[in-house]
Amino acid sequence: MFGFLRSYFSNDLAIDLGTANTLIYMRGKGVVLDEPSVVAIRIEGGPNAKKTIQAVGKEAKTMIGRNPKEISVIRPLKDGVIADFTVTEQMLKQFIKRVHESRLFSPSPRIIICVPSGSTQVERRAIRESALGAGASQVYLIEEPMAAAIGAGLPVSDATGSMVVDIGGGTTEVGVISLGGMVYANSVRVGGDKFDEAIISYISRNYGMQIGDNTAENIKKTIGSAFPGSEVKEMEVSGINRAEGIPRKFTISSNEVLEALSEPLNQVVKAVKDALEKTPPELGADIAERGLVLTGGGALLHDLDRLLTEETGLPVIVADDPLTCVARGSGLALEKMDKLASIFANE
Amino acid sequence: MSEERQVTNDTMPMPGEARPTGPTPGTILAATREAMGLSIKDVAQVLRYSPRQIEALERDDYAALPGSTAVRGFIRSYSKLLKIDPVPLLVTLDPAIPPPTTDVRPPSNIGNAEHPETSKRLSPRMTVIGGVGVVALLIGFWFATTPNQNKQKVAALPVAVEALAPAAVSVTPPAPAIVASGGDAAPTVAAEAVPVTPALPGLLHVEFDDRSWIEVRDATQKVVFVGEYPAGTRQNIEGKAPFQLWIGKASAVRVFVGERSIDLRPHIREDVARLSVE
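Taken in sequence, the protein lines are chains A and B.
Position 182 of the first sequence, counting from 1, maps to 182 under this note's numbering, and the rest follow consecutively.
Position in the second sequence (first residue = 1) + 347 = this note's numbering.
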C-alpha cells in the first residue's frame, strides 16, 4: 500500500546474484555486502510443522556438510541461474534488509540485477520475479559481461573493442563490447563450481577418498593452478577413505590439481577461442592491442592468465579486484541508470 | 632472484606513503629485466604484448599504452614474469594513472539514449516531493483563509440549516416589505416604518437585506443561531458573549449589539464575514 513511500526511503541497489557469492552495491556507498549465496533452512516437525530460515550467507556456508537432518543447507542458484525460486527470494530479502539500516519501512529499492548472457527468457523472468518478490519496486537486468567490463574500467562507450572474460562460480561469460553494446556474448556453464567438482572427482578416482565441497574449494584456492609452473606446491587434505569408511589424511600436489582442472579449463579456453573467432576483424585488432581482461573469482586461479595467453596468443590481464568487478560495474550503471538504456538487457 | 626482490621492495613505497621522487615502475621493471638477462623480445614473447608497448611501459610513457586498465594489468603481468611484487609498483603508479573508472555514457553518435518509460513518467521520488508540496500549499491556504477550526461546519452550513434553525433560535417571521398604515397615510418604506424588534441589551441583533446564511456561536462554542434566511428577516440572538459570527453575503446583513451597529466591512473576505463580537 505504501510502496511509493517505501521506495522513497530505500536506496537503489545493484546486485551481483552469483552462484557462489552475492554482492550488493548501494548507490553512493559502494559494495556493502559480499556473502556466499547459501541459505540454511530449519524444517520443524510436529503439528505446527514449518520451515524457517536458520542462517543466510557466511554463517550458512559454514554449515555445508555439517548440518543435521532438520537443517537443509541450500545453494539456491546453479549455473548462474535460479534453481530454487522461493529460497532465492528469501535470501535476497534477507540481504536487502541487511544493507538497509532504517527499520521504519521495509525496504523497496530499485534494483539492477545481473544475468548471465546465455540465460533463457524464463530464467531471466525468474530472476526478475524473485527480486520483485524480495521487495524491489523496479527491477532492471544487466548482462554480466557488460557489468564486468564496466567494473574493470574498460572503455565500453568508445568505438573500440574490449573483450572481457568473467569466470564466476557457475558460468564463464565472454563478451566483446563496443559503443556501449554487446557485439558478441556467450556463456558457458563452467566456473568455480565445476573446478571444485573436477577436484572432488579426481581425488575420488585416484585416491579413493571422498572430500567435501569446502575442502575442494580450499585446495583450488591454495594450490590450484591453470598452467604448469616451475614450483610444485603440496597440501595435506582430509577425507573419507571410501574402501575403509574411515577419515584419512593424504597429500596432493599442484600438478595433480592442474591435471584435475584440465577438462573445465579446456572448456573456458574453447569459449574464449569461439568468441575471438566470431569477433569482427576491426574489434579483433583492438583486442590484440589492448588484451583481454579477466574478471570474476576464477581470474584468481593461479596462472589462468598465462594459460589464456599461451592458448590465444593475446595479452591477457587480470582486472583490479576481479571478485567485485561485476558488482562495481552494475553499481556504475546504477548511478547512471536514468540516462542509459543501451547497457541494460531485455528479458 | 631474492636479491632482486629485496632491492625492489626497498625502493618502493608502502601504500599510504607519499610518492617518492625515486625510481618509477618503468625503470624498476627495466632494471629487473636486465638483471635477469632478459631482452624486450623475450618479454614480448611471453606476455604477447608488442616490443613497442614494453618499451613504452619501461619509459613510463603511459599515453602510448591503451588505457589505465591495460597499463595496470600489464604491470601486474610483467611483475609476475619477473617474480616481483606488483603492489608497490601499482601504488607508485596511482598518482600518474588512477585506478580505472569507466565513463559510462550513451554513444554520442546515435543520439540521446534514454529509457523510453522514464522520459514520460515522473520518478516516484519526484512524485512524492510534488505531492508533499501540494499538500503543504493546501494546508497553508486553509490556515490563511480560516481564522479558526470550524471550517467544516461553515462549508456544511446550507445543508444543516433546516435541522438546526428551529432548535437554536426563535425566528421572527419575515416582516412584510411595506406596511400599510392608516387610510389617509402614505405608504412608507419598510426599513423605516416597520417596528423593529427592540434590541435587548447584551443581545445580538441581525437584519437581512437579502437572502444570506449565518452561523453564530457563543462563548461556550455552542451554536446559538444558524440558518439561511430571506431578505427582511430580523433576529434577536441570545447567548453568552463573546459571539463568533460567520456570515455569508455579508454585504447584505447588518449586525447590532444592543443599540450599537457593527461595521462588517473590515471582516469581509470574498463576501463572507468572519468576526468575533464582544
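Source of the hints: derived by calculation from the structure; they are not laboratory data.
Note that the Cβ used here is the ideal one computed from N, Cα and C, for glycine as well.
Treat the hints with care, as some may be off.
Claimed, not checked - What follows is a list of derived Cβ distance ranges for each label pair:
| # | chain 1 | residue 1 | chain 2 | residue 2 | range |
| --- | --- | --- | --- | --- | --- |
| 1 | B | R406 | A | S253 | 38 to 44 Å |
| 2 | B | K388 | A | F85 | 25 to 31 Å |
| 3 | B | R406 | A | F85 | 41 to 47 Å |
| 4 | B | T492 | A | I53 | 53 to 59 Å |
| 5 | B | R406 | A | G208 | 55 to 61 Å |
| 6 | B | D441 | A | L132 | 40 to 46 Å |
| 7 | B | D441 | A | G313 | 29 to 35 Å |
| 8 | A | S106 | B | V619 | 43 to 49 Å |
| 9 | B | E381 | A | G313 | 36 to 42 Å |
Stated by the list, open to error - Subject to a maximum C-alpha distance of 30 Å in a straight line, what follows is the list of computed DSBU-like cross-link-like pairs (lysine-lysine):
| # | chain 1 | residue 1 | chain 2 | residue 2 |
| --- | --- | --- | --- | --- |
| 10 | A | K270 | B | K569 |
| 11 | A | K273 | B | K587 |
| 12 | A | K221 | B | K569 |
| 13 | B | K587 | A | K270 |
| 14 | B | K430 | A | K233 |
| 15 | A | K51 | A | K29 |
| 16 | B | K569 | B | K587 |
| 17 | A | K29 | A | K97 |
| 18 | B | K388 | A | K273 |
| 19 | A | K93 | A | K29 |
| 20 | A | K270 | B | K388 |
| 21 | A | K221 | A | K233 |
| 22 | A | K233 | B | K587 |
| 23 | B | K430 | A | K221 |
| 24 | A | K273 | A | K93 |
As the list claims (entries may be wrong) - Sample of chain B residues with no beta-carbon within 12 Å of chain A, all distances over it, derived:
| # | residue |
| --- | --- |
| 25 | A391 |
| 26 | P442 |
| 27 | T567 |
| 28 | V604 |
| 29 | E617 |
Results of checking the hints against the structure:
The hint said 38 to 44 Å for the Cβ distance between R406/B and S253/A, and at roughly 41 Å that hint holds. Distance hint check: the CB atoms of K388/B and F85/A are about 56 Å apart, inconsistent with the given range 25 to 31 Å. A hinted range of 41 to 47 Å is violated for the C-beta pair R406/B and F85/A, which are about 56 Å apart. Our hint of 53 to 59 Å for T492/B and I53/A holds, since their Cβ atoms are close to 55 Å apart.
Between R406/B and G208/A, the C-beta spacing of about 57 Å keeps the proposed range 55 to 61 Å intact. A hinted range of 40 to 46 Å for the beta carbons of D441/B and L132/A is consistent with their spacing of about 41 Å. For the hinted restraint 29 to 35 Å between D441/B and G313/A, the CB-CB distance of approximately 31 Å keeps it satisfied. Separated by about 47 Å at the C-beta atoms, S106/A and V619/B satisfy the suggested range of 43 to 49 Å.
Taking the beta carbon of each, E381/B and G313/A are about 26 Å apart, not inside 36 to 42 Å as hinted. Taken as a hint, the K270/A and K569/B pair is broken in the structure, with Cα atoms around 91 Å apart against an allowance of 30 Å. In summary, the hint linking K273/A to K587/B is not supported, as the alpha carbons are separated by about 98 Å, beyond the 30 Å threshold. Taking the CA atoms of K221/A and K569/B, the gap is about 84 Å. The hint is violated against a cut of 30 Å.
At roughly 98 Å between alpha-carbon atoms, K587/B and K270/A are farther apart than 30 Å, so this suggested pair is violated. Under the criterion of a C-alpha separation no larger than 30 Å, the hint pairing K430/B with K233/A is consistent with the structure, at around 17 Å. Distance restraint check for K51/A and K29/A: the Cα-Cα separation of roughly 34 Å exceeds the 30 Å cut-off, and the hinted pair is therefore not satisfied. With a CA separation close to 10 Å, the supplied pair K569/B and K587/B stays within the 30 Å bound.
With a C-alpha separation of about 16 Å, the suggested pair K29/A and K97/A falls inside the 30 Å cut-off, and the hint holds. The straight-line distance between the Cα atoms of K388/B and K273/A is roughly 25 Å, inside the 30 Å bound, and the hint therefore holds. Distance check on the hinted pair: K93/A and K29/A sit about 19 Å apart at the alpha-carbon level, within 30 Å; holds. The suggested pairing of K270/A with K388/B holds, with an alpha-carbon distance near 28 Å, which does not exceed 30 Å.
As the CA atoms of K221/A and K233/A are separated by approximately 12 Å, the hinted pair is consistent with the 30 Å bound. Note on K233/A and K587/B: the hinted pairing is violated, with a Cα-Cα distance of about 103 Å set against a maximum of 30 Å. At most 30 Å may separate the alpha-carbon atoms for a hinted pair to count; K430/B and K221/A meet this at roughly 20 Å. A threshold of 30 Å between alpha carbons decides the hint, and for K273/A with K93/A the separation of about 39 Å lies outside it, so the pair is violated.
Distance check on A391/B: its Cβ comes as close as 10 Å (rounded) to a Cβ of chain A, failing to clear the 12 Å threshold; non-interface status is violated. For P442/B, the non-interface assignment is confirmed: its Cβ lies about 16 Å from the closest Cβ of chain A, beyond the 12 Å cut-off. Every CB of chain A lies more than 12 Å from the CB of T567/B, the least distance being 42 Å, so the non-interface label holds. Under the 12 Å C-beta cut-off, the non-interface status given to V604/B relative to chain A holds; the minimum distance is some 52 Å.
The Cβ of E617/B sits about 36 Å from the closest Cβ of chain A, beyond the 12 Å cut-off, so the non-interface label holds.
Taken one by one, the earlier hints fail for this structure at numbers 2, 3, 9, 10, 11, 12, 13, 15, 22, 24 and 25, listed in ascending order.
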